[in-house]
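Novice: The sequence shown begins at 1 in the numbering used here and counts up one residue at a time.
Since the hints were derived computationally from the structure, they do not count as laboratory data. A portion of the hints provided could be inaccurate.
Taking lysine-lysine pairs in the DSS-like style, the calculated list, with each CA pair at most 25 Å apart, reads [unchecked claim]:
| # | residue 1 | residue 2 |
| --- | --- | --- |
| 1 | K239 | K204 |
| 2 | K2 | K362 |
| 3 | K9 | K154 |
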Amino acid sequence: MKILYVMEKMSCRGGMERIITDKINYLAAHTAHEVTLMTVWHDSVPPAYPFHPDVRHVRLNVPLPPIPGGYMLTLPWALQRFNKQVKRLNPDVTIVFRAVGSFLTALTSWKGRIIYESHQPRQTMNHKWIYRFMERRADAVVCLTKGDALEFPKAKRVEVIHNFTEITPPHPAPLTAKRCIAVGRLCKEKDFMRLLDIWALAIKQHPDWHLDIFGEGEERQSLERRIRELHLDSSVELKGLAENIVEEYIGSSMLIVTSKTEGFSIVIAEAMMCGLPIVSLDCPYGPREVMAEKDEATNGCDCKTGFLVPCRNASSNKLMADCISALTSSPALRKEKGQAALRRATLFRPAPIMAQWLRIFKSILT
Numbered sequence: 001m002k003i004l005y006v007m008e009k010m011s012c013r014g015g016m017e018r019i020i021t022d023k024i025n026y027l028a029a030h031t032a033h034e035v036t037l038m039t040v041w042h043d044s045v046p047p048a049y050p051f052h053p054d055v056r057h058v059r060l061n062v063p064l065p066p067i068p069g070g071y072m073l074t075l076p077w078a079l080q081r082f083n084k085q086v087k088r089l090n091p092d093v094t095i096v097f098r099a100v101g102s103f104l105t106a107l108t109s110w111k112g113r114i115i116y117e118s119h120q121p122r123q124t125m126n127h128k129w130i131y132r133f134m135e136r137r138a139d140a141v142v143c144l145t146k147g148d149a150l151e152f153p154k155a156k157r158v159e160v161i162h163n164f165t166e167i168t169p170p171h172p173a174p175l176t177a178k179r180c181i182a183v184g185r186l187c188k189e190k191d192f193m194r195l196l197d198i199w200a201l202a203i204k205q206h207p208d209w210h211l212d213i214f215g216e217g218e219e220r221q222s223l224e225r226r227i228r229e230l231h232l233d234s235s236v237e238l239k240g241l242a243e244n245i246v247e248e249y250i251g252s253s254m255l256i257v258t259s260k261t262e263g264f265s266i267v268i269a270e271a272m273m274c275g276l277p278i279v280s281l282d283c284p285y286g287p288r289e290v291m292a293e294k295d296e297a298t299n300g301c302d303c304k305t306g307f308l309v310p311c312r313n314a315s316s317n318k319l320m321a322d323c324i325s326a327l328t329s330s331p332a333l334r335k336e337k338g339q340a341a342l343r344r345a346t347l348f349r350p351a352p353i354m355a356q357w358l359r360i361f362k363s364i365l366t
């Protein structure tokens, strides 16, 4: 089977780029299928994560003008190159993600089997008309969560397949460090500004605790200013990109997530794999499906693996600060929820997840 993945570029060190790399590497290493990754935009920066030697990387090298909406100027060029390459590759299955890949696939003269993989709640998408077209054009829509799947009622077929994580910690976190961790791109969607406001409340009760934020992005300077404004210089540090994120998880005692939306949240799955309890906003849709068992009723914000805090409640910041304080105050509670997180994390191992993908590939071809 010839399998083609289409991405705009792969140089960003983000969760989406990482999980796509993990998927194509798994297919190349564990199956006899021919796996190709196609990137659209010219990019002088190499891919953020290494590819398996058997993965073919095809670059369309379409220039991306550095102006708002600049991609629209070169889309005709991109479509021409895409058509040429896809006819040459003749894939059995093509998987597309964001707007540009969806646009090219929607307009191409090639008529092969297409899977649209959704990585964000539909209400947050730009260019909704492209996704409406893809909803009808794709042979299957694959969503990361059940909540996201409900947003594609007109699709021919909708499947829910979670992401997986390949991290293998040498041992669970001991949960003794007076340190919390947050991980993600420093962007508005991750809402680390809100995290700082919440931390300013939580730290009043436990001034000996520290928050380390790992990631880079366009919000760094704004976050640095906010840290100074809230007088958090001694308890919060922007650590940049982690050399070994597993070591950072193991050296922490909880993960805090304040995203506005999450397609799945591979960060939560990774932290759970290391035995960390989680304090997360209950945003659409990822955190709840990663953290909570099916139909698990939470007692207020409480769930077995941590705390899920309503994100639009007027008192959400105070609630989240209280949940953080509950964990900082109780080593026994951290241990209880960390052990529950470890047990649940086994659901997000590669083999069962990729078996679901292989079944879909086979079924849409028969």
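Novice: Each hint: holds or not?
Specialist: Consistency of the hints with the structure:
Between K239 and K204 the CA atoms are separated by roughly 22 Å; this keeps the pair inside 25 Å, and the hint holds. Among the hinted pairs, K2 with K362 is consistent with the structure: their alpha-carbon atoms are about 11 Å apart, no more than 25 Å. With a C-alpha separation of about 29 Å, the suggested pairing of K9 with K154 is violated against the 25 Å cut-off.
Hint violations for this structure: number 3 only, all remaining hints satisfied.
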